[in-house]
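Residue numbers for the sequence shown follow this note's numbering, beginning at 992 and rising by one.
Calculated from the structure, these hints are not laboratory results. Quantities reported herein were computed from a predicted structural model and do not represent experimental measurements. Any given hint might turn out to be false.
[Stated by the list, open to error] Okay, derived cross-link-like pairs now, DMTMM-like style, lysine to aspartate or glutamate, Cα gap no bigger than 25 Å in a straight line:
| hint | residue 1 | residue 2 |
| --- | --- | --- |
| 1 | Lys1147 | Glu1024 |
| 2 | Lys1071 | Glu1024 |
| 3 | Lys1200 | Glu1163 |
| 4 | Lys1059 | Glu1070 |
| 5 | Lys1021 | Asp1107 |
| 6 | Lys1138 | Asp1104 |
[Claimed, not checked] Label-pair distances were calculated between CB atoms; the ranges are:
| hint | residue 1 | residue 2 | range |
| --- | --- | --- | --- |
| 7 | Ala1177 | Ser1219 | 40 to 48 Å |
| 8 | Pro1175 | Lys1196 | 26 to 34 Å |
| 9 | Asp1212 | Arg1114 | 40 to 48 Å |
Note that beta-carbon positions come from the ideal geometry of N, C-alpha and C, so glycine has one too.
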Amino acid sequence: MKPYVICHMMPSVDGRLRADRWDVPEAGHKEYERTADTYHADAWVCGRKTMEEFAKGRRRPKRARTGKIPRTDYVIPREKGKRFAIAIDTRGKLAWSDNEVEGDPLIEILTEDVPDSYLAFLRERGISYLFAGKRANDVDLALALEKLRTKFGVKKLMLEGGGETNGSFLREGLVDELSLLLTPVADGQPGEPALFDVEGAHHRKAMAKLRLKSVRRAAADMLWIRYSVRTNGRAD
992 MKPYVICHMM
1002 PSVDGRLRAD
1012 RWDVPEAGHK
1022 EYERTADTYH
1032 ADAWVCGRKT
1042 MEEFAKGRRR
1052 PKRARTGKIP
1062 RTDYVIPREK
1072 GKRFAIAIDT
1082 RGKLAWSDNE
1092 VEGDPLIEIL
1102 TEDVPDSYLA
1112 FLRERGISYL
1122 FAGKRANDVD
1132 LALALEKLRT
1142 KFGVKKLMLE
1152 GGGETNGSFL
1162 REGLVDELSL
1172 LLTPVADGQP
1182 GEPALFDVEG
1192 AHHRKAMAKL
1202 RLKSVRRAAA
1212 DMLWIRYSVR
1222 TNGRAD
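From just these sequences and the hints, can you work out the full model?
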């Protein structure tokens, strides 16, 4: 059984995600966090590119010689009352200097072709990791979610980008709810990351249909729009 997955994002009115270009007021950023907190999620997850913002400027671990490390999950129990920060880092590229992100214990989602040196690095840092597939280009997100539920007790998960990661979850039918804090900005820049980016996707029909749950006016002229996700014609 997987956790309930909410994709919570702050896009422009044309669906772009480059908030660093928009001069969003502090009230807007606080509203994003406030609305996220209303879900009381057990964890939040981002792809590697988004997580690099939290590991910015830190050097990747050297490929030191290490013994063979078995491809089994490495689980460190969570302190009571803490939520998890989860990084989908199938190639083992994020070089953390700590085992937390803003106070949230880290979990890395890996594939079995990650180097032994990176596993040794994570163990040295005290970072939990889970395996979800054999190859970096074929991560099993459904398996990752199942393990997060069974091994860490994650029942509610916030999916927070980037666009490729969001698109991968949506394509696999793993998103239950879409929570958008719509920013009053038209980005208009071609090629910028979008809310859902699916590499190589050419669909004759929409990937998912949505059912409106609520619309509320929020701070800084934003709209908070919530949808339930209908994937492949089924209401989740």
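Each hint, compared with the structure:
Pair hint lysine 1147 plus glutamate 1024 holds up; C-alpha atoms about 16 Å apart against a cutoff of 25 Å. With a CA separation close to 21 Å, the supplied pair lysine 1071 and glutamate 1024 stays within the 25 Å bound. About 14 Å separates the Cα atoms of lysine 1200 and glutamate 1163, which keeps this hinted pair within 25 Å; it holds. Annotation: proposed proximity of lysine 1059 to glutamate 1070 is violated, straight-line Cα distance about 30 Å (limit 25 Å).
Annotation: proposed proximity of lysine 1021 to aspartate 1107 is violated, straight-line Cα distance about 40 Å (limit 25 Å). Distance check on the hinted pair: lysine 1138 and aspartate 1104 sit about 19 Å apart at the alpha-carbon level, within 25 Å; holds. Taking the beta carbon of each, alanine 1177 and serine 1219 are about 27 Å apart, not inside 40 to 48 Å as hinted. Range check, proline 1175 to lysine 1196: about 30 Å between beta-carbon atoms, so the 26 to 34 Å window is met.
For aspartate 1212 and arginine 1114, the hinted distance range of 40 to 48 Å is satisfied, since their beta carbons lie about 47 Å from each other.
Going down the numbered hints, you'll see the structure goes against 4, 5 and 7, while the others check out.
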